[in-house]
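Student: As a plain string of letters, each chain reads:
There are 2 protein chains.
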Amino acid sequence: MAVRSFLMLTLHVSKRAKAVIESPIRKFLPFVRLARKRGLTVYQLNAGDPDLAVPPAFFKAVRNYRSKNLPYAPSPGYSVHVAAWLKYYRGFGVKLQPQNILPTVGGAEAILFALQAVADPGDEILVFEPLYVSYKSFAAIAGIKLVPVALEEEKNFALPPARVIEKRISRKTKAIVVVNPDNPTGKLWSEKELGTVLKIARKRGLFVISDETYREIRFSGKPSSLLAVRNARHNLIVVDSVSKRFSMPGARIGCIASFNTGVMDAALKFAQARLSAGTLEQYGLIPLLEHAGKYTKKVRDEYRRRRDVVYRALSAMQGVSCGKPQGAFYIVAKLPVKSTEDFVAFLIRDFSYQGATVLVAPMKDFYVTPGLGEDEVRIAYVLNTATLKKAMEILARGLAAYLAR
Amino acid sequence: MAVRSFLMLTLHVSKRAKAVIESPIRKFLPFVRLARKRGLTVYQLNAGDPDLAVPPAFFKAVRNYRSKNLPYAPSPGYSVHVAAWLKYYRGFGVKLQPQNILPTVGGAEAILFALQAVADPGDEILVFEPLYVSYKSFAAIAGIKLVPVALEEEKNFALPPARVIEKRISRKTKAIVVVNPDNPTGKLWSEKELGTVLKIARKRGLFVISDETYREIRFSGKPSSLLAVRNARHNLIVVDSVSKRFSMPGARIGCIASFNTGVMDAALKFAQARLSAGTLEQYGLIPLLEHAGKYTKKVRDEYRRRRDVVYRALSAMQGVSCGKPQGAFYIVAKLPVKSTEDFVAFLIRDFSYQGATVLVAPMKDFYVTPGLGEDEVRIAYVLNTATLKKAMEILARGLAAYLAR
Chain Z
3 MAVRSFLMLT
13 LHVSKRAKAV
23 IESPIRKFLP
33 FVRLARKRGL
43 TVYQLNAGDP
53 DLAVPPAFFK
63 AVRNYRSKNL
73 PYAPSPGYSV
83 HVAAWLKYYR
93 GFGVKLQPQN
103 ILPTVGGAEA
113 ILFALQAVAD
123 PGDEILVFEP
133 LYVSYKSFAA
143 IAGIKLVPVA
153 LEEEKNFALP
163 PARVIEKRIS
173 RKTKAIVVVN
183 PDNPTGKLWS
193 EKELGTVLKI
203 ARKRGLFVIS
213 DETYREIRFS
223 GKPSSLLAVR
233 NARHNLIVVD
243 SVSKRFSMPG
253 ARIGCIASFN
263 TGVMDAALKF
273 AQARLSAGTL
283 EQYGLIPLLE
293 HAGKYTKKVR
303 DEYRRRRDVV
313 YRALSAMQGV
323 SCGKPQGAFY
333 IVAKLPVKST
343 EDFVAFLIRD
353 FSYQGATVLV
363 APMKDFYVTP
373 GLGEDEVRIA
383 YVLNTATLKK
393 AMEILARGLA
403 AYLAR
Chain R
3 MAVRSFLMLT
13 LHVSKRAKAV
23 IESPIRKFLP
33 FVRLARKRGL
43 TVYQLNAGDP
53 DLAVPPAFFK
63 AVRNYRSKNL
73 PYAPSPGYSV
83 HVAAWLKYYR
93 GFGVKLQPQN
103 ILPTVGGAEA
113 ILFALQAVAD
123 PGDEILVFEP
133 LYVSYKSFAA
143 IAGIKLVPVA
153 LEEEKNFALP
163 PARVIEKRIS
173 RKTKAIVVVN
183 PDNPTGKLWS
193 EKELGTVLKI
203 ARKRGLFVIS
213 DETYREIRFS
223 GKPSSLLAVR
233 NARHNLIVVD
243 SVSKRFSMPG
253 ARIGCIASFN
263 TGVMDAALKF
273 AQARLSAGTL
283 EQYGLIPLLE
293 HAGKYTKKVR
303 DEYRRRRDVV
313 YRALSAMQGV
323 SCGKPQGAFY
333 IVAKLPVKST
343 EDFVAFLIRD
353 FSYQGATVLV
363 APMKDFYVTP
373 GLGEDEVRIA
383 YVLNTATLKK
393 AMEILARGLA
403 AYLAR
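Residue numbers (my numbering), protein chains in the order written: chain Z, 3 to 407; chain R, 3 to 407.
Bear in mind the hints are in silico, worked out from the structure with no lab data behind them. All residues carry an ideal CB built from backbone N, CA and C; glycine is no exception. One or more of the hints may lead you astray.
Only pairs whose alpha carbons sit at most 25 Å apart, straight line, appear in this in silico BS3-like list of lysine-lysine [to be verified]:
{"no.": "1", "chain 1": "R", "residue 1": "Lys296", "chain 2": "R", "residue 2": "Lys62"}
{"no.": "2", "chain 1": "R", "residue 1": "Lys194", "chain 2": "R", "residue 2": "Lys20"}
{"no.": "3", "chain 1": "R", "residue 1": "Lys17", "chain 2": "R", "residue 2": "Lys366"}
{"no.": "4", "chain 1": "R", "residue 1": "Lys326", "chain 2": "R", "residue 2": "Lys392"}
{"no.": "5", "chain 1": "R", "residue 1": "Lys70", "chain 2": "Z", "residue 2": "Lys391"}
{"no.": "6", "chain 1": "Z", "residue 1": "Lys366", "chain 2": "Z", "residue 2": "Lys39"}
{"no.": "7", "chain 1": "R", "residue 1": "Lys147", "chain 2": "Z", "residue 2": "Lys174"}
{"no.": "8", "chain 1": "Z", "residue 1": "Lys157", "chain 2": "Z", "residue 2": "Lys366"}
{"no.": "9", "chain 1": "Z", "residue 1": "Lys70", "chain 2": "R", "residue 2": "Lys296"}
{"no.": "10", "chain 1": "Z", "residue 1": "Lys205", "chain 2": "R", "residue 2": "Lys39"}
{"no.": "11", "chain 1": "R", "residue 1": "Lys205", "chain 2": "Z", "residue 2": "Lys17"}
{"no.": "12", "chain 1": "R", "residue 1": "Lys366", "chain 2": "R", "residue 2": "Lys157"}
{"no.": "13", "chain 1": "Z", "residue 1": "Lys174", "chain 2": "R", "residue 2": "Lys157"}
{"no.": "14", "chain 1": "R", "residue 1": "Lys17", "chain 2": "Z", "residue 2": "Lys147"}
{"no.": "15", "chain 1": "Z", "residue 1": "Lys299", "chain 2": "Z", "residue 2": "Lys336"}
{"no.": "16", "chain 1": "R", "residue 1": "Lys299", "chain 2": "Z", "residue 2": "Lys70"}
{"no.": "17", "chain 1": "Z", "residue 1": "Lys147", "chain 2": "Z", "residue 2": "Lys224"}
{"no.": "18", "chain 1": "Z", "residue 1": "Lys70", "chain 2": "R", "residue 2": "Lys17"}
{"no.": "19", "chain 1": "Z", "residue 1": "Lys157", "chain 2": "Z", "residue 2": "Lys201"}
{"no.": "20", "chain 1": "R", "residue 1": "Lys194", "chain 2": "R", "residue 2": "Lys224"}
{"no.": "21", "chain 1": "Z", "residue 1": "Lys20", "chain 2": "R", "residue 2": "Lys174"}
{"no.": "22", "chain 1": "R", "residue 1": "Lys70", "chain 2": "Z", "residue 2": "Lys296"}
{"no.": "23", "chain 1": "R", "residue 1": "Lys70", "chain 2": "Z", "residue 2": "Lys62"}
{"no.": "24", "chain 1": "R", "residue 1": "Lys366", "chain 2": "Z", "residue 2": "Lys147"}
{"no.": "25", "chain 1": "R", "residue 1": "Lys70", "chain 2": "Z", "residue 2": "Lys392"}
{"no.": "26", "chain 1": "R", "residue 1": "Lys70", "chain 2": "Z", "residue 2": "Lys299"}
{"no.": "27", "chain 1": "Z", "residue 1": "Lys62", "chain 2": "Z", "residue 2": "Lys296"}
{"no.": "28", "chain 1": "R", "residue 1": "Lys147", "chain 2": "Z", "residue 2": "Lys17"}
{"no.": "29", "chain 1": "R", "residue 1": "Lys29", "chain 2": "R", "residue 2": "Lys340"}
{"no.": "30", "chain 1": "Z", "residue 1": "Lys17", "chain 2": "Z", "residue 2": "Lys194"}
{"no.": "31", "chain 1": "R", "residue 1": "Lys147", "chain 2": "Z", "residue 2": "Lys20"}
{"no.": "32", "chain 1": "Z", "residue 1": "Lys62", "chain 2": "R", "residue 2": "Lys366"}
{"no.": "33", "chain 1": "Z", "residue 1": "Lys17", "chain 2": "Z", "residue 2": "Lys29"}
{"no.": "34", "chain 1": "Z", "residue 1": "Lys97", "chain 2": "Z", "residue 2": "Lys201"}
{"no.": "35", "chain 1": "Z", "residue 1": "Lys201", "chain 2": "Z", "residue 2": "Lys300"}
A short list of chain R residues far from chain Z (calculated; beta carbon distances all over 10 Å) [as the list claims (entries may be wrong)]:
{"no.": "36", "residue": "Arg28"}
{"no.": "37", "residue": "Tyr67"}
{"no.": "38", "residue": "Asp125"}
{"no.": "39", "residue": "Pro163"}
{"no.": "40", "residue": "Arg306"}
Isolated chain Z (complex conformation) (with noise of 0.2 Å):
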């Protein structure tokens, strides 16, 4: 046993696998399951995965794979595929060549190829906090420090005056990330704050990351890539998913997109030493992505009738306060409490309404400087209305009980 203690200690993970953190999404699931072995209704609005029916046309696409074979995908795709992309960024007035564009295994992916492609271990990316949490995991990976910028809820998450950014780049920085709309915020960037961005980018030499997964679900104004300005081409990298637009985070596939030739080149190499996305769901969403416009209108307004319904309902709770989400399917709620992730574990331990409880995401995890957001909750809207005024009357009387124990 002394021999064996030994050789146990000797095995070390490594330090960017502690680095990791456990994702607080994730994290409450075996709570989830407990709870409903207690019998109760668990709504689920802690993580982005779309209730909606994902379009016929790639099951119907699915099941008419008529091969006896399930080869590896080329690593750039399959050409059908990468044309359906082609054409669904045409919509938007983008004109990419095959060669601008690698479908991924997800966002997921996209995001780490991304990362990988312009920083080194040690070198610094700027990101605006709260942010998608993906991102911290995928920087602990990669060794790449994240330098975040704060967008504060009291301001709307507004973006701040440039020389505030300016000031946390330093020569290490390598890119600016942006989500649009945004995951957790539900912000939509304004033309300003973009051209605010981008000339930063330009005038320091760095790569902009534009995460646009949700870029159909706004709520005004149009749809739209920052690939389509033409002034910041070479300094742009998009990141792109279909889970959202077409509610199908099961189909791991996504999309990087770039104009600059150095970063597809990285992207592709990448890809190879992975091999392949997915065969049968590349070929699945050639329908979705060539009439996209046809699912995302309906997708769109759905979700924001349910921002609706949960913006009503949260500004109606004394000691909440939350700005309107403009766009994709969240909304940070900043509460009355000292810590969402004590509250979040009341809510799904010891509370329950009418056999029926509620789950959220604590937000500390979404934020990069230790201490911040430990009073919010993101909320994803993916359940129907009728039952989101459920969540939300569970959750008005989980707090008042919270507050009273």
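Start from chain Z and add chain R according to the hints.
Tutor: Chain R alone, transformed into the frame defined by chain Z:
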């Protein structure tokens, strides 16, 4: 224009992007397309992309997927899918708990997770060369140094004595990689060789990353897993894939398995960062994993027949030397040429016989040590025996033509 050039100069991709090599297996594909445009048939023996039919139960299960949603799978995999893996491993005397195994996006992601779980930038991992190329790519991306121990074609890739291996271990070494049966050599590791590696690992406090992708494709003895070896449990990380045994690399499903809780905790956090592996494929694979032997015996027998065809043909070629592979579906042949890169380019661009040519993989890039393998090719026998005979004739004639230039 001057300003623009200046800006473009300041936008560099990362060092790691430059360090990753282009896939030696995939870089000739543009020439394949050109050859086909010229009307040639190209027999592709370059990639490990099985031509065999996928077990139909997979497509049946996928077509029976009846939900209208396609949600994220849980990051640790669907429990029914994980249960099928557990059953599969019990067939080899390995009793895993769900927390000991995690489905991945292909064997590729399992390799990446294993490397990242044990090594930080600057750390070393001991490998045997020639080596499956994705290890090189992922190590370059992750900033890990691969330290090679050469296995020689002349010695039929036998393991050198322990002291030769131990000499290559430093304080920075974190793990030893064993691919068994091996890609690219077709080597089947003997019990004694495996024992040597495990002994070194335990003595020096190292992990063993055991890549068992080709487990069932072995031409003698019974399929097994190092996970069944009880006294090295905590050192061992198995990476696995369904791609080869079920002829379905396009499914992008593999797994990482270990009794080491630190490693599995790390793998789960990595998995959460990328959210999930394919939903449809996890369901589709359940009947295959549950009844694996039903499919894999036929597969093994077919590859044995092919091995015989290719080995016989190569042995009959003057100046060509090769060992007899004992597993996987590759053979390494030493050719009487200076550069197989140049020879392969000749085959695909300048040669044809009866309207056809053949593509094989030059071996140079399968080595970590520069200068090795320049006269070797890897042949993947992923075509039926009749076609393989034709392809081997083309190779023989192509070689003669190349030497006669």
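Student: Any hints this thing doesn't respect? Which numbers, in order?
Tutor: The structure conflicts with hints 2, 6, 10, 13, 15, 17, 18, 24, 30, 32, 35, 36, 37, 38, although it agrees with all the remaining ones.
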